[in-house]
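The listed protein sequences correspond, in order, to chains A, B and C. So the first sequence is numbered by the numbering used here: it starts at 5 and just counts up by one. So the second sequence is numbered by the numbering used here: it starts at -18 and just counts up by one. So the third sequence is numbered by the numbering used here: it starts at 895 and just counts up by one.
Don't read these hints as lab results, they were simulated from the structure. Please note that the accuracy of each hint is not assured.
[Stated by the list, open to error] Lysine-lysine pairs mimicking BS3-like chemistry, simulated, CA-CA at most 27 Å apart:
#, chain 1, residue 1, chain 2, residue 2
1, B, K120, C, K1069
2, A, K44, C, K1095
3, B, K(-17), C, K1069
4, B, K118, C, K1069
5, C, K1069, A, K22
6, C, K1167, B, K67
7, C, K1170, B, K67
8, B, K103, B, K(-17)
9, C, K927, A, K58
10, B, K134, C, K927
11, C, K1167, B, K134
12, B, K133, C, K1095
13, B, K(-17), C, K1170
14, A, K212, C, K1167
15, A, K29, C, K1095
16, C, K1095, A, K204
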Amino acid sequence: MAEITEDIKVAENIVHKKSSVLTDKVMHYCPGCSHGVVHKLLAEVIEEMGIQDKTIGVAPVGCSVFIYNYLAIDWQEAAHGRAPALGTAISRLRPDRYVVTYQGDGDLAAIGTAETIHACNRGENMVMIFINNGIYGMTGGQMAPTTLEGMKASTCPFGRDPKTDGNPLKITEIVAQLPGTNFVTRQAVHTAAAVRRTKKAIRKAFEKQKDKTGTSFVEVVSTCNSGWKMNPVDSNNWMEENMFPFYPLGDIKDV
Amino acid sequence: MKEEIIIAGFGGQGVLSMGKILAYSGVMQGQEVTWMPSYGPEMRGGTANVTVVLSDNRISSPILHAFDTAIILNQQSMDKFEPLVKPGGLLLYDPNGITRHPEREDINIYKIEAAEEAAQLKSAKTFNMIVLGAFLKIKPVVEMENVLKGLKKSLPERHHHLIPMNEKAIQRGVEIVKEVTVVKA
Amino acid sequence: MKGNEAIAEAAIRCGADGYFGYPITPQSEVMEKLMELQPWNSTGMVVLQAESETASINMLYGGAGCGKRVMTSSSSPGISLMQEGLSYMAGAELPCLVVNVVRGGPGLGTIQPSQSDYFQSVKGGGHGDYKLIVLAPASVQEMADFVELGFDLAFKYRNPAMILSDGMIGQMMEKVELKPQQKRWTDEEVAQMNPWATTGKPESRDYNIITSVELDSEAHEQFNHRLQVKYRELEEKEVRFETTSVDDADYLIVAYGSSARISAAAIEILREKGIKVGLLRPITLYPFPTKEIQRLAPKMKGILSVEMSSGQMVEDVRLAVEGKVKVEHFGRYGGVVHSPDEVAEALEQKLIGG
């Protein structure tokens, strides 16, 4: 049997190959989590563009804090919410490099709101990837700035009530209004077609960086089955029914 | 030589810049200098003062509790700094706006009608240079040649066309300063 | 030139790569001067006004992570806001230079000079077991000189360095001799000298990670142990201080920064009265000149720690002296600067009696 499987491992038989930018480490994400898919797309875009040696990544605090274990590019791990500040300095001091930040909703839209807004408003030349699953995954399912009205989380166990808990924040729409952004889009990775569109969006964001015309911002509306307490299929359905009406997919700005 | 000077008045009178020109003049003369402002929200309109030390040797403290010279340009500063002039030291003041004139008998007191003179010169901004001229007449701690160099150094280049006017003001100060009381040596 | 301006001039001349800051009195002249000098046209140095001190220090993290010589300056409340970032930088072993032109606290406090940030500076300030390299300038000349020294030490030990100044040294003008312009490191030199930096992963090496997180406690203890080894080395090799008139002294004043200047004048007053007092001026506050204090203490009848605080450095002086002689503190605080005669009087009262 082993001989047979070795025999068929030849170039002409390959239909799909793991990106060379991905490391061999097994990802720690829960089954059904969107992070793994987005990591893979990011790795593929970096590989296809041939910019592994020219890309510097900034990791957040949140579930994807260990993204640096999975993509073989130079990484800096930022304090909670500060990735855009790191990205600003990296981009300014190494304008010959591609800079990509990768953040969740708590990181980008709560504790790091100031850094997000001001980096985008200055138009720092970097790609910002924003994973929005409406919940704090890493700390165990607390309310996020993007948690929907009525949605349950451990710090709003009876559902988010805007009267007391505030309203869900559409930070991507805010970022799109800022003159410093050149491309703002909202995507998802729940279907094969959506995955392809998200990859295209990430590729476009990186391509845009060649012109040095500002910040390229890609939101990925994502699932968190552990935090949402649903199986992956139900999570995808719930996302389509509840998240997409409030966070509609598509390009918001492209200049 | 070591000369410890406090210049005190209202913000906007050019107190800090006068100190700065004096300090730069000292540098031009090869002296050690310190220039230490009291700064704060009271910078404009409130009281402002600056301590300038000129010395042939290394200066220890830029903060002082007694002065060889006090240049006083408003009443609050008179109240605060008249007692801090060392016996035998100098108090130079502009009587404009002063309600209680200096009373000490153990110090040398001079007055300079700088506000009035500046008004006559139609250039309120030369006020501080008239005062500086008066001080240098009484205590020529820095040579006039170096004062002019210091003036040039402390003014940004775009203001260099104002140098002749300032020079003239310094000269007027030299001419019009008046002795009030002088302690016998 | 003003102390704050000297920082700006020296930063450009020593070949710094970037300054990221946020305005706060009494040190705004640093960034104002840099913006006026436009070093991006001459040396290529980046100068950026950030949206907060939090952003500034994290920009330093990003820049230092790329192996660049980056700095910021602020005053006490702003430095408090930077503590998180400083802890992260110490944890990620990133070099940088932070200038603190101290003002009186707590809270918004006052904009007048103070030395009440001693604890925050030398004991770590943020969370975790770490130290900053802390340099205390006592003149405008040292403000300029310590910029380069701070960068050198920061890179030698891969640790943040701080210039702990105060509103008095920052606002004061004195004569300064500036060094000639040095070239900035090229990207190739950066990659060669700082092989740990994130410069873009070439084929020739594995990818670099700048991080301070380690969830395995055993491994994290090992990492912390390595930090402690580094701090012991700093304490062994990098202590800097200056002593004046200590050889014949019966009493010793320990004072840094502007308090050292004021104390020097106080010592002149006391010596005129026949009281023999010497001065020990720590130049590095961390590492602290513990051994020199231990050496001098037995020769003294008493030691006075003079600082514009309610008594912070005095604790380190007492730790060094270990109860062998009397150690007292004197200092005005909350933004009030003590005068030489106040210091002289305090020494007579507290150490001699009456």
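A quick look at each hint next to the structure:
{"no.": "1", "hint": "B:K120 to C:K1069", "result": "22 Å, holds"}
{"no.": "2", "hint": "A:K44 to C:K1095", "result": "18 Å, holds"}
{"no.": "3", "hint": "B:K(-17) to C:K1069", "result": "16 Å, holds"}
{"no.": "4", "hint": "B:K118 to C:K1069", "result": "25 Å, holds"}
{"no.": "5", "hint": "C:K1069 to A:K22", "result": "64 Å, violated"}
{"no.": "6", "hint": "C:K1167 to B:K67", "result": "18 Å, holds"}
{"no.": "7", "hint": "C:K1170 to B:K67", "result": "25 Å, holds"}
{"no.": "8", "hint": "B:K103 to B:K(-17)", "result": "36 Å, violated"}
{"no.": "9", "hint": "C:K927 to A:K58", "result": "34 Å, violated"}
{"no.": "10", "hint": "B:K134 to C:K927", "result": "16 Å, holds"}
{"no.": "11", "hint": "C:K1167 to B:K134", "result": "41 Å, violated"}
{"no.": "12", "hint": "B:K133 to C:K1095", "result": "53 Å, violated"}
{"no.": "13", "hint": "B:K(-17) to C:K1170", "result": "23 Å, holds"}
{"no.": "14", "hint": "A:K212 to C:K1167", "result": "76 Å, violated"}
{"no.": "15", "hint": "A:K29 to C:K1095", "result": "18 Å, holds"}
{"no.": "16", "hint": "C:K1095 to A:K204", "result": "24 Å, holds"}
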